[in-house]
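Each chain, written out:
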Amino acid sequence: MLKKRIIPCLDIKNGRTVKGVNFLGLRDAGDPIELARRYVQEGADELVFLDISATIENRSTLVSMVEKIAHEINIPFTVGGGISSLEEARVLIRAGADKVSINSAAVKSPNLIAEIAGSLGNQCVVLAIDTKFVENDWLVYVHGGKTPTDLRTLDWVIQAEKLGAGEILLTSMDHDGVQNGFALEITQAVCEIVNLPVIASGGAGRKEHFKNLFEKTAASAALAASIFHFEEIGVPELKNYLRTENIPIR
Amino acid sequence: MIAIIDYNAGNTRSVKNALERLGYEAMVTSDADMISKADKVIFPGVGEAGSAMKYLRELNLDLAIKSLTQPFLGICLGLQLMCLYSEEGDTTGLGIYDTEVRKFPPTSLVPHMGWNTLTDLKGPLFSGLPESSDLYFVHSYYAGLCCETAATCEYIFPFSAACREIISLPFNSIRKNRLTPESTY
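Chains as they are written, first to last, in the working numbering: chain A, 1 to 250; chain B, 1 to 185.
Because the hints were derived from the structure by calculation, they are not lab data.
Glycine residues also receive a C-beta, built at the ideal position from the N, C-alpha and C atoms.
Hints are not guaranteed to be accurate.
[Claimed, not checked] Below, computed lysine-lysine pairings styled on DSS-like, alpha-carbon distance capped at 25 Å: (1) LYS146(A) <-> LYS13(A); (2) LYS13(A) <-> LYS162(A); (3) LYS40(B) <-> LYS162(A); (4) LYS4(A) <-> LYS37(B); (5) LYS54(B) <-> LYS66(B); (6) LYS40(B) <-> LYS103(B); (7) LYS3(A) <-> LYS66(B); (8) LYS54(B) <-> LYS40(B); (9) LYS3(A) <-> LYS122(B); (10) LYS3(A) <-> LYS146(A); (11) LYS146(A) <-> LYS108(A); (12) LYS37(B) <-> LYS66(B).
[Unchecked claim] Derived contacts from chain B toward chain A, CB cut-off under 8 Å, selection only: (13) ASN17; (14) TYR55; (15) GLU58; (16) ASN60; (17) LEU63; (18) TYR85; (19) LEU109; (20) GLY114; (21) THR119; (22) ASP120; (23) GLY123; (24) SER127; (25) PRO130; (26) THR152; (27) PHE157; (28) PRO158.
[Said to hold, decoys possible] Some residues of chain B that are not near chain A, with every Cβ distance over 12 Å (derived): (29) ASP6; (30) VAL15; (31) VAL28; (32) ASP33; (33) SER36; (34) GLU48; (35) SER67; (36) GLY89; (37) THR92; (38) GLY95; (39) ARG102; (40) VAL110.
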């Protein structure tokens, strides 16, 4: 039976793990490789690394970090942050990443999804979407949540699926960092409208939030950062709890 | 020496890392001669079947692979290309396994992604791995059950999670399991 996945996310800035509240106010959360190692030992199902300081100068640092991570850990991991071309995606996959996540660049040129999927396979294309509820609709934001667009989240996921995205990483900016639970409605709306695995992100604060997510939506995975980094909830504790609640968990 | 076939498709690095973690040396190469002289050969891959097969032919690796006699392990796209045919890119495969690769129907989520259970384990590849172990799968295409099926996974329906005489795995990377190198790679 296919299990629901618990995915710690590591936001990386200048080689350190950081975490903000509503995309602002970054706190230092430690060395990414050390944290990654800890998560693997604790039974995380997968990891996501997002380079939030992604610039051209930092790109080679990211590639060598990916190489180190791939050497250290034995669960799949996704790398994202500023990926804007097939070549960049290819370099990261060749460095050992299992998947790449793309966000702003795909909104700017949707065909990037098709290019990466066509060359490296749909299974390694994670479309990351930062979304916010604005005037009665969920809209897509880009550039780390700084720039609003007119794009409707539900329209964007349909288009992304047609172009060959393999997975959707959906972050509700309204819920991110505030630990009041996942954005159940938009997550379920996305699950219903596409036939892709959806990773819900943003808002995890208590174990019950994960249970609610898996009971009330068809999300395949839950992603969280702060609660794991600052050890508010341990991955083993969370997984034990979900198992006793009859959620299929590895 | 273990040769990992480099055909511009994917996860050669993670395969090499896994071997190194297990204490084995490996080289990543697209040289047909080096591959044929290796003690063991791994055919990895993350990628799209059509473009990967085209690249293999350009390097004459299709013929080289078919003529190998040493222990050989195909993983993921490697397994896919060892079958007769893949629906992905309408691709003629190497025809080593008597089965076809089809896309999962849209009756459930595609790709099949995440940790799923492996059953009906057969052969030395899985010695040391308990029946019903969870392994990480990430794929949109599956190899149908055939007489060479060496492990089964169920997603929508049962499919070949591994085939032998020579052994191939459809899941993505050997980093995802903890088999011994003798039995796997």
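| request: Starting from the hint list further up, note which numbers the structure goes against and sort them upward. | output: Of the numbered hints, 2, 3, 4, 6, 7, 10, 14, 15, 16, 17, 18, 21, 22, 23, 24, 25, 26, 27, 28, 29, 30, 31, 34, 36 and 40 do not hold.
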